[in-house]
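2 protein chains.
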Amino acid sequence: MTHPLFAKHEDTLQKALAAIETRGYWSPFVEMPSPKVYGETANADGEAVFKAHLNKIFELDQPSTGETVGAEVSPFGFPLGVRYPKADPDALIAAAAEAQRDWRGAGPQAWVGVCLEILARVNRSSFEIGYSVMHTTGQAFMMAFQAGGPHAQDRALEAVVYAWDQLRSIPADAHWEKPQGKNPLLSMHKRYTVVPRGTGLVLGCCTFPTWNGYPGLFADLATGNTVIVKPHPGAILPLALTVRIARDVLREAGFDPNVVTLLATEPNDGALVQDLAVRPEIKLIDFTGSTQNGTWLERHAHQAQVYTEKAGVNQIVIDSVDDIKAVARNIAFSLALYSGQMCTAPQNIYVPRGGIRAADGTLSFDEVAQAIAGAVQKLVADPARAVDLLGAIQNDGVIRRIEEADQLGRVLVESQALEHPTFAGARVRTPLLLQLDAAHDHASFTKEWFGPISFVIATDSTAQSLDLAGAIAAEHGALTLSVYSTDEAVLEAAHEASIRGSVALSINLTGGVFVNQSAAFSDFHGTGANPAANAALTDAAFVANRFRVVQSRVHVEPKAAPAVAG
Amino acid sequence: MTHPLFAKHEDTLQKALAAIETRGYWSPFVEMPSPKVYGETANADGEAVFKAHLNKIFELDQPSTGETVGAEVSPFGFPLGVRYPKADPDALIAAAAEAQRDWRGAGPQAWVGVCLEILARVNRSSFEIGYSVMHTTGQAFMMAFQAGGPHAQDRALEAVVYAWDQLRSIPADAHWEKPQGKNPLLSMHKRYTVVPRGTGLVLGCCTFPTWNGYPGLFADLATGNTVIVKPHPGAILPLALTVRIARDVLREAGFDPNVVTLLATEPNDGALVQDLAVRPEIKLIDFTGSTQNGTWLERHAHQAQVYTEKAGVNQIVIDSVDDIKAVARNIAFSLALYSGQMCTAPQNIYVPRGGIRAADGTLSFDEVAQAIAGAVQKLVADPARAVDLLGAIQNDGVIRRIEEADQLGRVLVESQALEHPTFAGARVRTPLLLQLDAAHDHASFTKEWFGPISFVIATDSTAQSLDLAGAIAAEHGALTLSVYSTDEAVLEAAHEASIRGSVALSINLTGGVFVNQSAAFSDFHGTGANPAANAALTDAAFVANRFRVVQSRVHVEPKAAPAVAG
Numbered sequence: 001m002t003h004p005l006f007a008k009h010e011d012t013l014q015k016a017l018a019a020i021e022t023r024g025y026w027s028p029f030v031e032m033p034s035p036k037v038y039g040e041t042a043n044a045d046g047e048a049v050f051k052a053h054l055n056k057i058f059e060l061d062q063p064s065t066g067e068t069v070g071a072e073v074s075p076f077g078f079p080l081g082v083r084y085p086k087a088d089p090d091a092l093i094a095a096a097a098e099a100q101r102d103w104r105g106a107g108p109q110a111w112v113g114v115c116l117e118i119l120a121r122v123n124r125s126s127f128e129i130g131y132s133v134m135h136t137t138g139q140a141f142m143m144a145f146q147a148g149g150p151h152a153q154d155r156a157l158e159a160v161v162y163a164w165d166q167l168r169s170i171p172a173d174a175h176w177e178k179p180q181g182k183n184p185l186l187s188m189h190k191r192y193t194v195v196p197r198g199t200g201l202v203l204g205c206c207t208f209p210t211w212n213g214y215p216g217l218f219a220d221l222a223t224g225n226t227v228i229v230k231p232h233p234g235a236i237l238p239l240a241l242t243v244r245i246a247r248d249v250l251r252e253a254g255f256d257p258n259v260v261t262l263l264a265t266e267p268n269d270g271a272l273v274q275d276l277a278v279r280p281e282i283k284l285i286d287f288t289g290s291t292q293n294g295t296w297l298e299r300h301a302h303q304a305q306v307y308t309e310k311a312g313v314n315q316i317v318i319d320s321v322d323d324i325k326a327v328a329r330n331i332a333f334s335l336a337l338y339s340g341q342m343c344t345a346p347q348n349i350y351v352p353r354g355g356i357r358a359a360d361g362t363l364s365f366d367e368v369a370q371a372i373a374g375a376v377q378k379l380v381a382d383p384a385r386a387v388d389l390l391g392a393i394q395n396d397g398v399i400r401r402i403e404e405a406d407q408l409g410r411v412l413v414e415s416q417a418l419e420h421p422t423f424a425g426a427r428v429r430t431p432l433l434l435q436l437d438a439a440h441d442h443a444s445f446t447k448e449w450f451g452p453i454s455f456v457i458a459t460d461s462t463a464q465s466l467d468l469a470g471a472i473a474a475e476h477g478a479l480t481l482s483v484y485s486t487d488e489a490v491l492e493a494a495h496e497a498s499i500r501g502s503v504a505l506s507i508n509l510t511g512g513v514f515v516n517q518s519a520a521f522s523d524f525h526g527t528g529a530n531p532a533a534n535a536a537l538t539d540a541a542f543v544a545n546r547f548r549v550v551q552s553r554v555h556v557e558p559k560a561a562p563a564v565a566g
Numbered sequence: 001m002t003h004p005l006f007a008k009h010e011d012t013l014q015k016a017l018a019a020i021e022t023r024g025y026w027s028p029f030v031e032m033p034s035p036k037v038y039g040e041t042a043n044a045d046g047e048a049v050f051k052a053h054l055n056k057i058f059e060l061d062q063p064s065t066g067e068t069v070g071a072e073v074s075p076f077g078f079p080l081g082v083r084y085p086k087a088d089p090d091a092l093i094a095a096a097a098e099a100q101r102d103w104r105g106a107g108p109q110a111w112v113g114v115c116l117e118i119l120a121r122v123n124r125s126s127f128e129i130g131y132s133v134m135h136t137t138g139q140a141f142m143m144a145f146q147a148g149g150p151h152a153q154d155r156a157l158e159a160v161v162y163a164w165d166q167l168r169s170i171p172a173d174a175h176w177e178k179p180q181g182k183n184p185l186l187s188m189h190k191r192y193t194v195v196p197r198g199t200g201l202v203l204g205c206c207t208f209p210t211w212n213g214y215p216g217l218f219a220d221l222a223t224g225n226t227v228i229v230k231p232h233p234g235a236i237l238p239l240a241l242t243v244r245i246a247r248d249v250l251r252e253a254g255f256d257p258n259v260v261t262l263l264a265t266e267p268n269d270g271a272l273v274q275d276l277a278v279r280p281e282i283k284l285i286d287f288t289g290s291t292q293n294g295t296w297l298e299r300h301a302h303q304a305q306v307y308t309e310k311a312g313v314n315q316i317v318i319d320s321v322d323d324i325k326a327v328a329r330n331i332a333f334s335l336a337l338y339s340g341q342m343c344t345a346p347q348n349i350y351v352p353r354g355g356i357r358a359a360d361g362t363l364s365f366d367e368v369a370q371a372i373a374g375a376v377q378k379l380v381a382d383p384a385r386a387v388d389l390l391g392a393i394q395n396d397g398v399i400r401r402i403e404e405a406d407q408l409g410r411v412l413v414e415s416q417a418l419e420h421p422t423f424a425g426a427r428v429r430t431p432l433l434l435q436l437d438a439a440h441d442h443a444s445f446t447k448e449w450f451g452p453i454s455f456v457i458a459t460d461s462t463a464q465s466l467d468l469a470g471a472i473a474a475e476h477g478a479l480t481l482s483v484y485s486t487d488e489a490v491l492e493a494a495h496e497a498s499i500r501g502s503v504a505l506s507i508n509l510t511g512g513v514f515v516n517q518s519a520a521f522s523d524f525h526g527t528g529a530n531p532a533a534n535a536a537l538t539d540a541a542f543v544a545n546r547f548r549v550v551q552s553r554v555h556v557e558p559k560a561a562p563a564v565a566g
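These protein sequences, in sequence, are chains A and B.
Each residue of the first sequence is one higher than the last, beginning at 1 in the UniProt record's numbering.
Each residue of the second sequence is one higher than the last, beginning at 1 in the UniProt record's numbering.
Derived by calculation from the structure, the hints in this document are not laboratory data.
Just so you know, these numbers come straight off a predicted model, no measurement behind them.
Each hint should be verified, as a subset may be incorrect.
Where chains are identical, the list cannot tell them apart; a pair therefore holds if satisfied intra-copy or between any two copies.
[Unchecked claim] Quick list of in silico lysine to aspartate or glutamate cross-link-like pairs, EDC-like style, CA-CA up to 20 Å:
1) Lys559 with Asp173
2) Lys15 with Asp173
3) Lys86 with Glu59
4) Lys182 with Glu31
5) Lys178 with Glu252
6) Lys86 with Asp437
Sequences are here, hints too, so could you generate the full structure?
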């Protein structure tokens with residue numbers, strides 16, 4: 001009775017179950033783009049396949065109006081020219097309802113087995129997806145491969161295994177037998193049917209289309225829902241490739257492929273999304289994007305469970321250090337990585353204006369600020385190497401934001417345009433680092449400045465720094481908080497601030513781990529308890545409301561006592 | 001390190017964990033008001049303690065304005081005269097925030113241990129609480145004792161054990177060690193702190209103040225939240241007694257008793273509740289009551305997780321029977337029990353107008369309707385016995401509804417006022433049974449007529465009956481669906497209708513189980529997937545969003561490889 005795809009991947013599932021129990025390091029998908037793992041020609045093949053998509057119509061045999069849409073432009077300086085079949089949202093909703101019938105009845109093992117097979121095939125397409133992530137988001141290739149490929153696949157599997165962990169805890173049936181004193185037992189057979197909520201809507205973002213899109217997509221599928229994937233108009237291809245693979249697997253497994261469909265759109269699709277998001281058939285929405293759009297969904301899509309990841313203000317508190325160079329190097333890397341276009345990238349760096357303790361004495365505020373500034377400048381000094389870290393700026397809105405931020409305070413490091421050695425038209429900017437003061441710049445640093453924009457902020461004391469960090473996370477949202485201190489009492493106070501702000505804390509990162517990084521199966525991404533996100537990736541709460549249980553009960557002969565003569 | 005109250009009750013907790021895994025019969029709290037279990041004088045003592053509350057000020061040492069409130073009237077015909085300390089909602093919110101500090105830090109074992117101790121003591125007060133439920137809700141004593149006492153305690157424990165099941169799956173810490181090829185391992189210690197959401201608000205109802213109030217209250221407490229309990233103004237005493245016990249246990253365990261407070265109010269407290277429900281400190285709301293109020297909360301209390309149980313239309317489909325008398329007897333009991341004032345009581349009974357198959361031939365529509373009508377009349381023929389089943393009508397709104405419903409169709413059984421042999425002023429009414437037709441009475445039977453009001457509805461066929469049942473449950477909500485058929489194909493179709501309507505199905509109930517009954521640890525009460533309720537009692541989804549996890553991470557020496565020289 002075990003579904004063949006479930007049986008095929010059961011070993012992976014068991015390992016994943018063990019991983020979420022201990023939350024130590026585990027990753028089934030290899031993050032290095034190694035020829036030994038992915039094949040000797042995988043990189044070249046993947047790039048060729050990616051290039052073959054350019055300036056063509058993307059084949060997808062789903063309900064379509066017959067027209068095409070698509071206006072993606074690579075942040076590295078050229079239009080992709082990919083045209084996708086245009087779909088009428090009504091037709092996709094109807095197709096999802098039709099596909100739901102058999103899919104719903106297939107049950108948890110089939111849902112999970114299909115998900116695991118999709119992921120295995122997505123993994124094999126990691127290079128193709130990696131190049132498509134690179135040329136939609138602006139991530140440099142290595143990051144696009146890792147974050148858009150195996151790391152996103154890890155996060156997807158994490159959602160699947162959390163779903164399975166909840167699904168398996170619901171018995172398929174039960175024998176209920178209640179003593180009645182001297183009277184015969186009351187005896188019933190009960191049957192529990194897991195019922196998906198209906199159709200899910202996954203709203204992708206333009207910076208991490210797969211990493212942020214997969215958890216909702218796979219959590220929905222693993223709990224038996226149908227899904228309409230609506231990518232950001234600027235980053236359609238990575239999700240289109242994923243949807244096509246999912247549809248192939250569904251079809252081969254005997255299901256209607258319209259369990260998963262793609263809703264590709266032109267830019268400025270806000271009205272279309274709002275109309276779709278409040279449709280009664282849409283029961284689940286996963287969104288990553290602006291606070292404005294996320295809050296709109298939370299407040300208007302009452303018919304749906306809405307999971308949002310929105311803006312936040314990530315912060316670093318510097319109290320005392322052993323080695324300021326190692327601290328500055330680690331921070332600078334975090335600021336430069338993908339030009340700060342990560343939802344986990346730090347923005348506010350608090351330093352007491354009286355300076356800090358270091359291993360060999362004290363450092364003034366200016367010395368700390370200059371150490372960070374110097375580390376940033378060093379990282380981007382060689383454009384050819386810098387672009388592999390910075391990638392490109394996803395859209396012109398970020399460029400405008402850099403220009404606007406430039407006026408906010410004293411400039412520690414100016415943002416500069418760099419020439420990309422390979423892509424002449426690439427939109428590359430180095431990080432902007434400003435000096436602000438907690439005493440009078442509150443309005444500036446309590447909002448998110450998405451992009452390569454960060455502030456070294458002078459505070460009265462570490463106590464004020466931590467107070468700001470906790471309060472700003474609680475009020476404005478945050479996904480990360482980082483602290484540097486050699487003082488146990490300060491670290492304990494930082495822990496309290498992280499609880500107050502309900503934000504994940506990283507302590508004294510000076511080596512190969514950066515605050516921006518969040519590892520599936522170990523790090524919870526977001527807490528769901530501050531305005532940056534209303535859910536965490538991934539925990540039980542992220543999956544438990546994506547299905548319901550419908551029971552039936554009927555009298556049967558008792559088991560515990562002699563059967564009543566019948 | 002195990003909390004003493006956790007250790008004290010761990011055996012119960014382990015049994016409860018086993019129960020939710022199998023969902024067979026289990027109940028730790030004895031439902032019979034037996035002197036052997038509860039003590040020889042428990043009944044008399046409990047009644048005396050209840051009576052001692054009448055016409056007095058209820059002692060509760062919590063923040064108060066110094067004034068008193070309370071206007072409860074027994075449906076059995078006398079004012080209770082209990083006055084409760086009046087509380088300013090602001091003061092309760094402030095007290096909860098203050099109490100939160102130590103309570104949050106105590107952690108899952110303390111939260112769960114305290115909950116289990118509260119329940120053990122509440123159980124010992126079952127008679128006192130039973131009489132207080134009786135004289136606020138109008139339930140006859142046996143039901144008030146069982147549903148208001150041990151059954152409510154079972155539901156509370158169920159919420160606690162589901163919470164514990166989720167809490168225990170989060171490791172307190174983890175060692176994360178990531179290979180780096182030829183480079184040294186990356187090695188981190190991670191700490192996961194369970195963080196409650198904040199303050200919960202439990203909004204009680206006037207018919208099942210404890211049964212419907214406890215799950216939210218105990219789910220909140222077991223996940224470390226503080227709770228403000230706001231009973232229905234008509235049924236304060238049962239929850240006031242519960243809150244007082246909870247506060248005693250908290251105080252004895254060394255916690256600030258303001259972890260749980262009571263907000264007693266005068267009737268017509270809607271504006272007060274609405275103001276409180278949207279306060280930023282209120283992060284969880286559990287509500288049982290009208291669709292209007294529940295929907296208001298869902299649409300306005302955006303800052304909170306809102307769990308609602310609202311109105312619904314419960315239905316019975318009669319297709320074919322072995323023994324019409326047994327069917328009619330079972331249905332009549334369900335209609336009469338607590339005068340239909342149960343959220344699970346059936347309202348619409350569908351019978352094909354061409355009649356049904358029975359063991360010994362066919363029965364016409366009228367014969368089926370008359371069998372049910374006759375069974376109802378027989379049940380209430382002897383007023384002295386009838387009142388033990390009917391109890392009293394909770395409020396005048398129900399009386400007015402009976403009068404209004406009387407005009408809807410042909411009367412099969414008229415509702416009558418009965419004299420209560422013990423309580424002269426008791427508001428007792430027998431069930432009203434009307435005949436309607438699916439062809440032209442749709443507007444009448446697609447809304448809830450809360451109270452002893454039900455309809456035998458002529459349909460074209462069982463297929464139409466099931467179609468109505470599924471569609472009405474899906475659109476208007478339902479907690480129960482019951483089917484009578486000797487045909488396996490019809491039972492399968494009924495199962496499909498129950499899935500479509502996302503409503504629990506009972507099949508061929510003719511014995512000692514009634515559709516109104518929902519047993520903790522086995523029956524899910526509500527599915528959370530139709531408009532009657534947005535959550536089920538109890539499953540993982542009911543508890544998983546009541547807490548969040550905040551993590552921290554710091555580099556440590558690797559375990560798996562030789563330590564790097566430091």
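How the hints compare with the structure:
1. Lys559 with Asp173: Cα proximity of Lys559 and Asp173: one copy only (15 Å, versus 44 Å across).
2. Lys15 with Asp173: between (27 Å within a copy, 19 Å between copies)
3. Lys86 with Glu59: Answer is within; shortest intra-copy Cα gap is 11 Å, inter-copy 68 Å.
4. Lys182 with Glu31: between (66 Å within a copy, 15 Å between copies)
5. Lys178 with Glu252: neither (46 Å within a copy, 36 Å between copies)
6. Lys86 with Asp437: neither (50 Å within a copy, 47 Å between copies)
In this structure, the earlier hints numbered 5 and 6 are contradicted, and the remaining ones agree with it.
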